[in-house]
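Quick mapping for you: the protein sequence lines, in order, are chains Z and D.
Using my numbering, the letters of the first sequence correspond one by one to residues 563 to 1035.
Using my numbering, the letters of the second sequence correspond one by one to residues 563 to 1035.
Incorrect hints may have been included.
Which copy? The list can't say, so a pair holds if one copy fits it or any two copies do.
What the hints assert, rightly or not - Computed list of lysine-lysine pairs in DSSO-like fashion (alpha-carbon distance at most 27 Å, straight line):
(1) Lys932 <-> Lys860
(2) Lys907 <-> Lys975
(3) Lys975 <-> Lys887
(4) Lys784 <-> Lys628
I should point out that these hints are in silico values taken from the structure, not numbers from a laboratory.
Predicted, not measured: the structure shown is a model, and the values here were computed from it.
2 protein chains.
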Amino acid sequence: AADWHEEGKKVILVRLETSPEDLKGMNVSEGILTARGGMTSHAAIVARGMGKCCISGSNAISIDYKNRQFETGGKIYREGDWISLNGTTGDIYSGKIPTQNPEMDEDLSDLLNLADSIATMEVRTNADTPHDSLTARNFGARGIGLTRTEHMFFEGNQIVAMREMILSNTMEERKRALAKILPIQREDFEGIFEAMTGLPVTIRLLDPPLHEFLPQDESSQKEMAETMGVSVEEIQEKVNSLHETNPMLGHRGCRLGITYPEITEMQTWAILEAALNMKNKGFEVIPEIMVPLIGRAKEFNQQAEIIHQTAERLFKDKGDRIKYKVGAMIEVPRAALTSDLIAEKADFFSYGTNDLTQMTFGFSRDDFGKFYPSYLKKGILTADPFQQVDENGVGRLVHFSAEKGRSTNPDIKLGVCGEHGGNPESIHFFHKVGLNYVSCSPFRVPIARLACAQAVIKNEKKIAKPERSAIMA
Amino acid sequence: AADWHEEGKKVILVRLETSPEDLKGMNVSEGILTARGGMTSHAAIVARGMGKCCISGSNAISIDYKNRQFETGGKIYREGDWISLNGTTGDIYSGKIPTQNPEMDEDLSDLLNLADSIATMEVRTNADTPHDSLTARNFGARGIGLTRTEHMFFEGNQIVAMREMILSNTMEERKRALAKILPIQREDFEGIFEAMTGLPVTIRLLDPPLHEFLPQDESSQKEMAETMGVSVEEIQEKVNSLHETNPMLGHRGCRLGITYPEITEMQTWAILEAALNMKNKGFEVIPEIMVPLIGRAKEFNQQAEIIHQTAERLFKDKGDRIKYKVGAMIEVPRAALTSDLIAEKADFFSYGTNDLTQMTFGFSRDDFGKFYPSYLKKGILTADPFQQVDENGVGRLVHFSAEKGRSTNPDIKLGVCGEHGGNPESIHFFHKVGLNYVSCSPFRVPIARLACAQAVIKNEKKIAKPERSAIMA
Chain Z
563 AADWHEEGKK VILVRLETSP EDLKGMNVSE GILTARGGMT SHAAIVARGM
613 GKCCISGSNA ISIDYKNRQF ETGGKIYREG DWISLNGTTG DIYSGKIPTQ
663 NPEMDEDLSD LLNLADSIAT MEVRTNADTP HDSLTARNFG ARGIGLTRTE
713 HMFFEGNQIV AMREMILSNT MEERKRALAK ILPIQREDFE GIFEAMTGLP
763 VTIRLLDPPL HEFLPQDESS QKEMAETMGV SVEEIQEKVN SLHETNPMLG
813 HRGCRLGITY PEITEMQTWA ILEAALNMKN KGFEVIPEIM VPLIGRAKEF
863 NQQAEIIHQT AERLFKDKGD RIKYKVGAMI EVPRAALTSD LIAEKADFFS
913 YGTNDLTQMT FGFSRDDFGK FYPSYLKKGI LTADPFQQVD ENGVGRLVHF
963 SAEKGRSTNP DIKLGVCGEH GGNPESIHFF HKVGLNYVSC SPFRVPIARL
1013 ACAQAVIKNE KKIAKPERSA IMA
Chain D
563 AADWHEEGKK VILVRLETSP EDLKGMNVSE GILTARGGMT SHAAIVARGM
613 GKCCISGSNA ISIDYKNRQF ETGGKIYREG DWISLNGTTG DIYSGKIPTQ
663 NPEMDEDLSD LLNLADSIAT MEVRTNADTP HDSLTARNFG ARGIGLTRTE
713 HMFFEGNQIV AMREMILSNT MEERKRALAK ILPIQREDFE GIFEAMTGLP
763 VTIRLLDPPL HEFLPQDESS QKEMAETMGV SVEEIQEKVN SLHETNPMLG
813 HRGCRLGITY PEITEMQTWA ILEAALNMKN KGFEVIPEIM VPLIGRAKEF
863 NQQAEIIHQT AERLFKDKGD RIKYKVGAMI EVPRAALTSD LIAEKADFFS
913 YGTNDLTQMT FGFSRDDFGK FYPSYLKKGI LTADPFQQVD ENGVGRLVHF
963 SAEKGRSTNP DIKLGVCGEH GGNPESIHFF HKVGLNYVSC SPFRVPIARL
1013 ACAQAVIKNE KKIAKPERSA IMA
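Take these sequences, add in the hints, and give me the full structure.
Below, the structure is given as structure tokens:
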């Protein structure tokens, strides 16, 4: 895709599925089409964030990488042929269909401002770059609910330093490699803080398993070996040792920060140093650090302690300080079940309803597509639980957690940063549960603002908060 | 291992990890040693069932398959060298240490009979063969809580028929292949019913994902292609199409029975035809059919309907009938949260606490070993949650589910068939929750019987069942 783009041509990226290594290609593409995946797979989430059209998990296409072509409906499309996508319906069209960019006109703007005056929940955005942050802000987002930091490890030479860190055998080596990453992460955070001045910015610590940062195919491994001056065998050995049977339930999220506290330290330093720098340039910075994949209060408390200690070291070093919050991402069922304990030392909870849906149902988002059609057809499911929150299961955990969290920490802020934060039906549910905000990708912010107001009106004559028994019903 | 055994030599199987294909080798080995895995990995579960000594997930060894040797503590052990294992401590010894088989003497027998007279929970066993069933019965098991049927698909020529089914493109082809498997499964069930005459036998329908039945390495794929008269490409295509990113959260359990109802039909027919046959031979047969990986009442109801319809067809065909039960395995958090709905049509629940632990914590049992040592060292966990049930998270779900299930179906039978069913601390917890039975591997039956009695004595002056608030606390 990158080559075509360089030649000034418009391109649609067609892949079996996408991974963080495809980010560059996705960035320069007009649209993305994948054969595998679904609503919450990598391609869909990233494309949504970029505001790009995407069809992910199209069973109708079969891709032939070698010949650079794919087949659908009995016709073969070669590299260079025109196709058009409809991301809403999932239709793929032969040829070029004229498209129009969405716009925010005055009428819509008035309507949404009216909506805001009625709504009790705020709408934030999921944004990883200053550009996406500004887009969302223009759509009326009142802050960032989720900044993912993993893409920052792929930028420029960062990936080399990240791989150095992964290949390190001692903490000293890891710290040296992380020190190279720190300044670029800091710059990234500065850009986001600038774009969101005056509004809160929630930044999530590193979440994916480390093997996602290593090349899986042999030719890329050879390339990496040459770049880094190590043997291919050493890299392959590391790839093998990091291989996981179920990466979704593996060594990721806060489990990384607990085994390698130096990652948490580096990211905390980068976030808060960026915050201090921008504060000194006159911006109003409200940083919130979020620890992912918490399952136990002890995990959160240990990570929060590292964050506070690092912050104090930084503040002493700089002779300056800034307020910040530390919160837990609640996406593991066990965290929802023990939220009273976790809330004691947390400033906020953000419900990661994508992963919470995966674990509550036992549905891998990447594999769900194989049996979902059959489940729909036989009436076992009537909606995609990754699209619309499952109130009776996942929703019950969110509700239970919110009550438990507030029971030990009445001031705790509660939000949602899963894809459900942009889904109107789900927003109505989160309103009933009494959350403080939802966070969604930039282009879904307007619809979320409207849904937040509609939720108030729908519930006006009902009990604003369901009674306790409702959780248990 | 099989070769060595044929030469009349004693052998210890040393593998990176085991899979169902290793069953033959495990069967003839004195002990099993694996580099990967843990308390609930394949090697550990199967070895426990066989009553064999096993060390699974030993980080201390590095295996070199090519040279048929492994290294530990700086010393290399080659095929043919003597080693000894201590499965309790995980110690590996150089050389041959004399061992002694455990025996049930009269004193122990008296003690356990006394225990039974006090206990309110029964002890069943997890057994997949007549031999294991008898072993457990001799140790005092009061029935089978879990018969896994997957190994039956690997016996003799069954695997060929199973692979035919997987490669089938139509339901008719699948049914033809399944028809070949039916008589051998029926025979297996007959043997188990005979061994357990007078006691209930819970049989779980097929659980693992289909890709576990296909060879993953090229040479075995070639062999399979030759045996089946299809091209290697066809097999590789199927292997690729069945590949899953997170098989634990993939297309398995009742999801198989829902997409391929003919599997449920075949297994139901085999179970109940075996039951009728043995009844007519004078045995007292009490069959219980268990549907795995239920997450929604609709899943259970649909599978239960197929089972009942198949049973009626069989009973009409044979002009004879037998009583049987149909129950749900509760191992997905969502099932625990919606147990009131699932219980409406279920005769029993069996808590699969292995998978429930995986999903409630978000810990893959196969990958957990990578960060568990660090979690122990830093005090994040104080016990292996796969060994001792996590009362505050997983236990809370079990308790909630038990109360909910009984609220809509007061007669429902509740048991545990996860590894925790043989762990004394966990047994005390299950007693407090008010379950009817625990089920564990044969060699753990005596300790479980003792623990069931101790649980009664410990709780005598306390409230037998925790109050409602305890679940929420």
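Hints, verified against the model:
1. Lys932 <-> Lys860: Answer is between; shortest inter-copy Cα gap is 19 Å, intra-copy 37 Å.
2. Lys907 <-> Lys975: Close inside one copy (12 Å), not across copies (41 Å); limit 27 Å.
3. Lys975 <-> Lys887: Within one copy only: 10 Å inside, 48 Å across.
4. Lys784 <-> Lys628: both (20 Å within a copy, 23 Å between copies)
The structure is consistent with each of the numbered hints, conforming to all of them.
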